[in-house]
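There are 2 protein chains.
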Amino acid sequence: MSVSAATIVDQLTALLGANAVIGEPGQMGIYLHEPRKRFHTGAAAVVMPSSIEQVQAIVRWANAAGVGIIAQGGNTGLVGAQVPLRGDEVIISMAKLDRIRAVDTAAGTMTAEAGVILENAHAAAEAQNTIFPLWLASQGSARIGGLLASNAGGVNVLAYGNARELTMGVEAVMADGQRYQGLNSLKKDNTGYDLRDLLVGSEGTLGIITAATLKLFPKPEDYETTIVNIAGPEAALPLFELLRARIGGRLNAFELVPHIGLEMQLKHGFLDSDPTAGASPWYALIEVARMQGGEAGSLMSAIETAFEQGLIDNAVFAESLADRTRMWSFREQMSEVQSKEGASIKHDVSVPIAAVPQLIAEGIAAGERVSPGIRAVPFGHMGDGNIHFNFSQPEGADPKAFMAEYDEKLHEAIYEIVLKLGGSVSAEHGIGQLKVDLLKQVKDPVALSLMRTIKTALDPKGILNPGKMLG
Amino acid sequence: MSVSAATIVDQLTALLGANAVIGEPGQMGIYLHEPRKRFHTGAAAVVMPSSIEQVQAIVRWANAAGVGIIAQGGNTGLVGAQVPLRGDEVIISMAKLDRIRAVDTAAGTMTAEAGVILENAHAAAEAQNTIFPLWLASQGSARIGGLLASNAGGVNVLAYGNARELTMGVEAVMADGQRYQGLNSLKKDNTGYDLRDLLVGSEGTLGIITAATLKLFPKPEDYETTIVNIAGPEAALPLFELLRARIGGRLNAFELVPHIGLEMQLKHGFLDSDPTAGASPWYALIEVARMQGGEAGSLMSAIETAFEQGLIDNAVFAESLADRTRMWSFREQMSEVQSKEGASIKHDVSVPIAAVPQLIAEGIAAGERVSPGIRAVPFGHMGDGNIHFNFSQPEGADPKAFMAEYDEKLHEAIYEIVLKLGGSVSAEHGIGQLKVDLLKQVKDPVALSLMRTIKTALDPKGILNPGKMLG
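If you read the protein sequences in the order shown, they are chains A and B. Quick note on full-length UniProt numbering: the first sequence kicks off at 1 and runs consecutively. Quick note on full-length UniProt numbering: the second sequence kicks off at 1 and runs consecutively.
A portion of the hints provided could be inaccurate.
To be verified - Using 30 Å as the maximum straight-line C-alpha spacing, the simulated BS3-like pairs for lysine-lysine come out as follows:
id: 1; chain 1: A; residue 1: LYS443; chain 2: B; residue 2: LYS461
id: 2; chain 1: A; residue 1: LYS461; chain 2: B; residue 2: LYS420
id: 3; chain 1: B; residue 1: LYS461; chain 2: A; residue 2: LYS455
id: 4; chain 1: A; residue 1: LYS461; chain 2: B; residue 2: LYS409
If you are wondering where the hints come from, they were derived from the structure by calculation, not from laboratory data.
Work out the full structure: start from the sequences and follow the hints.
Here's what the structure looks like:
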């Protein structure tokens, strides 16, 4: 890199004005510190464009100057895609591009700019009696652009799909500064290559998403929510199949949590009361939407059948919004509560649904083999085959020594099982900088080569999020 | 092109054996004659590989020789993507690669080779009490590879999505002969660019799909099917919204047909009896799936509400499989019956759903303005915003004179309305060779440039389906 940070700040200030540029490292904190505190590299500058034209101007400047640029939304990503890798990059915060351009209930779409916070998108949809069903723990700060660039998942993928499937069209600034206009409200459009899905999930390495047309859905009249007591993942699988056959697309969530997760939350005061029907080796949080004027009690009836078939031991149904909220908090606090129990080692993996029981059994055994006394805390989106295969250190162990000794070994053990089962080493969090080396090891070499070819063709100078995903 | 057809046949015969090569133009008929008989160019040869390795060998040979190759499935495409444009190309029939490699009901997937006929995929799924819900009129001859390459739609897109959304992973031979291995049974996999969706819908211009992992769904217990009498598309829109809010994902189909379609079918003996509740300006064919053990009568109840709200005039429900079959025949024969009424001019277009009434009103008016006496026959997938905006010549007109005078003018008039409404000039049939010039006129120039960049990067010699889609 031939341009100094001082020059970069001067040039960007000339381009955008002083108010849109942060050059002082001490003021960059919120743009650099990501949730898991794994990455600690500085940036040459942070810029905050307030129009698409300014984004285009920044990209054109970066292309001419050969400076790396990183589009950033709410800075909630878990793999370091949205923070610097080298230290000489410019972060483009999309936070000021936060306009909801249109909510069109007749077309069933919302057009939102990249900087719109997910919770604000939810509110705008609900104000029109519709829902935008991308729901995840970070929705109070995650922004649309980052959610799409990372193809975010969350707890509603089962019924509605991930971010890619919730997007009808995108607008993006490409590496040469041109604006790709792909916004539309069309359910069907077979006029050329699928550029939308190429940009969604590309982690800012192929273009900078500036706005998107998002799919809205009718707001269900209400939900039936239950937590069932279940012996283990082996029983969860036929239960899931039973529900899928009886309830189909209204099955919103099927989440699995082990007993240790409940214990941790009660111990650390994360829950004011036990949301389950009593102690059980495992719990499944299940939710079904009731459409307007639709049948009530279909989950209750299916759960009764499951009980008769011996698939579950007990169940409790939410009888109020407070009940439902408590049940969901139990699920959503799973990752956070682990921080109260010392060091943790985490894996966001997926396998074919039928292989989830084997993944969990073998993963627990591998943990115990690699690090005796380790506490396995696998939980998550059973209905998507997506398990957050987390571990907490043995009680009383030294966190740093534990990480130094076991982090790498445990990754190897878990990923080996995942790959053997035909799974993915990144189900919903992406590659970023955390999994670049891993991707090279596990991905089909032809796929890697195709990805590099596309990257080079669309960003020949390598200015878009350099080093991320493909290294 | 420097290689003669005779040399091509000799070299391919040396590569694959004489039984796998057709060099005699007289024997190529079924590979050249496509459904609408619009394209009449010959091929240098037709080859029929019986293994992926043979496909790879053909592509490597083509790459070295600089010969254009066209992957072909059931030859049912409507835009000429699967037949020659120049006359010096080699057609690769995928018909012998027709193995269903696996049906995994626990994972909810089927892995099928490119040459599998759609009806055979249906049968394999149903044998395991599941469904593969890609349903369209040509399913008795269309093959998986072509259906994916064209991102086929059909009558179930409303509930299940188009071919792209029904595909979990693909295997493909790329322009350099390498095999991309992207088959998987994962609902979530965020490990890199979305190569699957780039290949699906690329009409054989970026790679040759050789197999795919397809999504299976629980087989509904049964269906509720109705044809309602409705004043017009303006009333169909609130009816659709009512059903979507009350029935959600179980709403399988919402198809619109004008009265002239019923008249034509009764006149020409396409129907043995009238499947409707009596004459009406328009009809909507609506179908809802009932899940196993699920509520019956939800469509009946919603239709009663619609009747009370004055949205519909009458309705008839299928009371037997024969009734249901007759109702669907009425819908599916719409395109074919037009051939009995002289020349027809057809447009496969989509608009945002809310704009369908305006599209139909303005399209009918434009038809009458351009060609007085012309008979508008717009019908199709209202629920997807996808209307087959067809016209039949005025009664008694000379077909050839009619086409010569009005074909181009009517296209212009309809596409102008579609584009004004933010629509697509090819909703589900694709671009092929029919709409190459149209695409250049109407597509975002940045999108076109991105598509060309990707094409050049992945197929630098331009051997894959040359001239199609991008010209």
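Okay, the hints, checked on the actual structure:
1. Annotation: proposed proximity of LYS443 of chain A to LYS461 of chain B holds, straight-line Cα distance about 26 Å (limit 30 Å).
2. With a C-alpha separation of about 37 Å, the suggested pairing of LYS461 of chain A with LYS420 of chain B is violated against the 30 Å cut-off.
3. Of the pairs offered as hints, the one joining LYS461 of chain B and LYS455 of chain A holds, with about 19 Å between alpha carbons and a cut-off of 30 Å not exceeded.
4. With a C-alpha separation of about 45 Å, the suggested pair LYS461 of chain A and LYS409 of chain B falls outside the 30 Å cut-off, and the hint is violated.
Violated hints, listed in ascending order, are 2 and 4; each of the other numbered hints is respected by the structure.
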